[in-house]
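Visitor: Next come the chains, spelled out residue by residue.
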Amino acid sequence: MYKNVIRFVLKLLIMRISKYIIILLPLMLLVVISACNKLLPGAPDPGDTIAEPAEGLTPEQLVTFLAGDELFAKVYSPEQGLGPIFIQQSCEGCHVGDGKGHPFNMETRFGKYSGLVFDEMLDKGGPQLQQRSIAAYPSEQLPSDYTHKTGRIAPIVIGMGFLAALHDSTILNMADPYDADGDGISGRVNYVLPKEYFTPESIHIDSSGYYVGRFGKKAKEITLLDQIVFALKQDIGLTSDFDVEDIFNPQAGINSGDAVPDPEVSLDVVNNLVFYMRTLKTPTRRNEDDPDVLAGEQLFTQIGCANCHKPTLTTGPSEIEALSEKTIHPYTDLLLHDMGSALAFTTDGYPEIPEGSAQGSEWRTPPLWGLGLAQESQGGTGYYLHDGRATTLKETISYHATGEASNIASNFFALSEAKQDQIITFLNSL
Amino acid sequence: MLHLIVHKGMSKIKSLVFISLLILISSLSHAQSDSIKSDSTKKKLINRVDLSDSITINQDALYNRPFIGLGRTGTALGGYIEGNTNYFMEDGVTEGFSMELRRFNIFIFAALGKRVRILTELEFEHGTEEIALETAQIDYKLHEVLSFRAGILLPQIGMFNANHDSPKWDFVDRPLSSTMIIPSTLSEVGFGFFGKFYRSKWAFSYDAYLINGLQADIVLNEEGKTFIPAGKNEEMFGEDNNGLPMVNAKFSVSHSKAGELGLSYYGGVYNNFRVEGEQVDAKRNLSLFALDITTKVNKFKLQGEYVYALVDVPDDLEGLYGQKQWGGWIEINYTLLDKKIIFFDQSQLLFNIRMEKVDFNADKMNDPSGFVVETKLYDEITALSVGFSIRTSSSLVFKGVYQYHWIRDLLGNPAARKAGFQFGLATYF
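Each protein sequence line maps, in turn, to chains A and B.
Our numbering numbers the first residue of the first sequence as 1 and each following residue consecutively.
Our numbering numbers the first residue of the second sequence as 1 and each following residue consecutively.
Heads up, some of the hints might be wrong.
Cross-link-like lysine-lysine pairs, in silico, DSSO-like; alpha carbons within 30 Å at most [as the list claims (entries may be wrong)]:
id, chain 1, residue 1, chain 2, residue 2
1, B, K296, B, K225
2, A, K74, B, K232
3, B, K418, B, K376
4, A, K74, B, K340
5, B, K301, B, K114
6, A, K217, B, K232
7, B, K418, A, K38
8, B, K340, B, K299
9, B, K376, A, K394
10, A, K281, A, K124
11, B, K299, A, K74
Take a look, some chain A residues computed to stay more than 12 Å from chain B by CB distance [said to hold, decoys possible]:
id, residue
12, L30
13, I87
14, M106
15, L122
16, P177
17, D262
18, E321
19, G356
20, P366
21, S398
Computed Cβ-Cβ distance ranges for the label pairs, DEER-style [stated by the list, open to error]:
id, chain 1, residue 1, chain 2, residue 2, range
22, A, V63, B, L263, 49 to 59 Å
23, B, K340, A, A73, 28 to 38 Å
24, B, F300, A, E60, 50 to 60 Å
25, B, E276, A, A73, 34 to 44 Å
26, A, Q141, B, E130, 39 to 49 Å
27, B, L310, A, A259, 28 to 38 Å
28, A, E60, B, L70, 54 to 64 Å
29, B, E276, A, D206, 46 to 56 Å
30, B, N285, A, D348, 33 to 43 Å
Because the hints were derived from the structure by calculation, they are not lab data.
This one's a predicted model, so the numbers in the text were calculated from it and none came from an experiment.
Even for Gly, the Cβ is constructed at its ideal location relative to N, Cα and C.
Here chain A stands alone, though its shape is the one from the complex (with noise of 0.2 Å):
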């Protein structure tokens, strides 16, 4: 009887959530998403994530940095403006992941010296080679007379916003272009012509015309607009508002561009960029407390590379309140210094071009933060210094022993194997 009675009734229920499953189903997946959410995967730690905006962008900043996000990864088509000749078709071509770039997207640059005269060889294709083409469009080749040429992979992009609010003031009053204090250091501005679309801001210091240069491997750029606009143009064949000549190669011809009208990307694409550019984050250390991170970080200052990787610089006035007068860890003083003989010729030979007035041997002090990352967007290779030459900490190390850092570097070989493991512990937790 009662089993009948409970047949009955779960029968009676069945029907009755059959005539609702339609509006149960719905409701049913939503809890079984919300219960399933552990099978999802979840965010890497906060210090393995470089493409990450900075604290305290507003929603309205927030919008404009996921723009230029977007348009980092973007990939050009010739249709779309690509070329005619390009390395790559994207920023993250190059910076995988707005991290350091690898030897496989290495960028060439050459020229030749006439006379005193250092020349870019721009009627030849200089001042970087573009090896790759669109569709039936000869792809640039090395033109046979050049005698200096250099190799770059890209740096990572992380926190350079907060570079570019530094004052002038901060990067002159770290200069030391004579070696005043006799520490055998001496780093030096490099001082460059700004292009003619430059508008200087409060943090701009005029010195007869000429500014502080402090992106590129030598400081060649005064802004990341600079930067960016070359990049578009050198690396994707991007002509914009800043510079709207077409690339060609001009073993092809000279007006032998694409067929794409001039700007072939907007003014927008630019702004947008920048804008992404300077609001990234800076790199969130990892192990920061770890004693061995401690220890590096001691005997890192103590044998002298604090000297010109300086630890923490603060930022000036900026209109993004996110980048106003911050305090960072960006290890750079952004001067220019001569690292001597080993690092003033290509691995293959060549002289190192120079740039501005920065000679061949002369290098800007890259900023380390970040440093541990680089395998990340390596392919899990470490690939260091201006064109990968060094593929571990130690071995970058090694190519510190000529020039103004000689002192620093033979200081970190006399160190016991413990303790240099403890600096470079140290390094790969920036």
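Use these hints to put chain B onto chain A, whose structure you have.
Guide: For chain B alone, coordinates are given in the frame of chain A:
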């Protein structure tokens, strides 16, 4: 901004209306399919086109669908509809829950006498976002083992392209390699011959077509990698981009108990090597080789497809654009129940699992300075999907899927991980 919000709000309302309609149509369709089981006007065309009752082969997939005959006109109508929900997360980032009405397709079949058959399929993707004439073919039967086909046809490359109707599959998403290397659904303008013959429990079939073929955007496209689907465009229905048709051929062998094995080829010159009659570039070839298998053992059904692509890429794009690609998938469907389930008569509950991989660049890299020599390139996706499906009749299927993707970039950096849940339904009508 307000306008934007209102617009987005309207889109959501539209989506909800679409989904509601989908559910309604599905329910009606289910009710109809149950009620007209005895109606001889609704049957698969496979029964009208001289096929063996014992062996169903992939070549017949286009006709192996339910149609409703229109009296004695010789014309029949059919179609299918599919929709689903999505909830995905990639490395902790999600865009939340969304719904989509993927496809609403209508078939029209016409038989003109005993020898001529015309089949068309009109596809609406995501509402009216994309409307395409997916198939518009005329078949003329010359002999039992030889038929002529012309029009907009589905090349026989692998098993999926010509047999892709969602109600036939138990996962919401199509297999990766069947969409990212074999660009299903690939429709082509062309003509050719096909046929089949039987020996005891064996069936042998062949297809051979000349088609306009995929076009130049296989390289130098917005994907930034060799991406064969980018070679599809609307112009290929109007003219060949280079005046050299591509070739598609398939041979398959089936056994009534063992299943079917197919070998297929698709290829030819893909680039615009001449403009206005002037040769401006070298001829560059695309070749796709595919192997597909279908078998059924007791409650297990196993299907799989493997494709290998060779793409002739300009030297200066070496590395960036892969010259070799491959992909494949294996899907197993296990029937857990085969009886009345809740209020659906004679239904099947299936457990499904699919493993798949796509490698977009199976080449090796060399960097300009020689620091990196002959090192493996990646750019690949590995995926695992599991799920359940309920087939309430031969034409209606509810699907629940969980899938997990590992996505590695060209350099082989740590994989991005993407996973999510999908619930969908698809039905013929």
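Visitor: For every hint, state whether the structure bears it out.
Guide: How the hints compare with the structure:
1. Between B:K296 and B:K225, the direct Cα distance comes to roughly 37 Å. Violation of the 30 Å bound is thereby established for this hinted pair.
2. Simply put, A:K74 and B:K232 have alpha-carbon atoms about 21 Å apart, close enough for the 30 Å limit, and the pair holds.
3. Restraint check: the Cα-Cα separation between B:K418 and B:K376 comes to about 23 Å, which is no more than 30 Å; the hinted pair holds.
4. The suggested pairing of A:K74 with B:K340 is violated, with an alpha-carbon distance near 51 Å, which exceeds 30 Å.
5. Of the pairs offered as hints, the one joining B:K301 and B:K114 is violated, with about 35 Å between alpha carbons and a cut-off of 30 Å exceeded.
6. Restraint check for A:K217 and B:K232: not satisfied, since their Cα atoms lie roughly 42 Å apart, outside the 30 Å limit.
7. About 13 Å separates the Cα atoms of B:K418 and A:K38, which keeps this hinted pair within 30 Å; it holds.
8. A threshold of 30 Å between alpha carbons decides the hint, and for B:K340 with B:K299 the separation of about 17 Å falls inside it, so the pair holds.
9. Of the supplied pair hints, the one linking B:K376 and A:K394 holds, its CA atoms being roughly 26 Å apart against a limit of 30 Å.
10. As the CA atoms of A:K281 and A:K124 are separated by approximately 39 Å, the hinted pair breaks the 30 Å bound.
11. Restraint check for B:K299 and A:K74: the C-alpha separation of about 47 Å exceeds 30 Å, so the hint is violated.
12. A beta-carbon of chain B is positioned within 12 Å of the beta-carbon of A:L30; the least distance is around 8 Å.
13. For A:I87, the non-interface assignment is contradicted: its Cβ lies about 10 Å from the closest Cβ of chain B, within the 12 Å cut-off.
14. Non-interface status of A:M106 relative to chain B is broken: a Cβ of that chain comes within 12 Å, the nearest being about 5 Å off.
15. For A:L122, the shortest C-beta to C-beta distance to chain B comes to about 21 Å, beyond the 12 Å cut-off, and the non-interface label holds.
16. Every beta carbon of chain B lies more than 12 Å from that of A:P177, the smallest distance being close to 32 Å; the non-interface claim holds.
17. With a least CB separation of 19 Å from chain B, A:D262 remains clear of the 12 Å interface cut-off, as annotated.
18. Every CB of chain B is more than 12 Å from the CB of A:E321 (nearest about 22 Å), matching its label as outside the interface.
19. For A:G356, the shortest C-beta to C-beta distance to chain B comes to about 24 Å, beyond the 12 Å cut-off, and the non-interface label holds.
20. For A:P366, the shortest C-beta to C-beta distance to chain B comes to about 18 Å, beyond the 12 Å cut-off, and the non-interface label holds.
21. Its beta-carbon lying about 16 Å from the closest one in chain B, A:S398 satisfies the requirement of being farther than 12 Å from that chain.
22. Taking the beta carbon of each, A:V63 and B:L263 are about 52 Å apart, inside 49 to 59 Å as hinted.
23. Here the CB-CB span from B:K340 to A:A73 is close to 51 Å, at odds with the stated 28 to 38 Å.
24. Roughly 56 Å separates the CB atoms of B:F300 and A:E60, a value that falls within the hinted 50 to 60 Å.
25. For the pair B:E276 and A:A73, the beta carbons lie near 36 Å from each other, so the given range of 34 to 44 Å is met.
26. Our hint of 39 to 49 Å for A:Q141 and B:E130 holds, since their Cβ atoms are close to 43 Å apart.
27. In this structure the supplied range 28 to 38 Å holds for B:L310 paired with A:A259, their Cβ-Cβ distance being about 30 Å.
28. Roughly 59 Å separates the CB atoms of A:E60 and B:L70, a value that falls within the hinted 54 to 64 Å.
29. Taking the beta carbon of each, B:E276 and A:D206 are about 55 Å apart, inside 46 to 56 Å as hinted.
30. Hint check: B:N285 to A:D348, Cβ distance near 35 Å, so the stated range 33 to 43 Å holds.
Taken one by one, the earlier hints fail for this structure at numbers 1, 4, 5, 6, 10, 11, 12, 13, 14 and 23, listed in ascending order.
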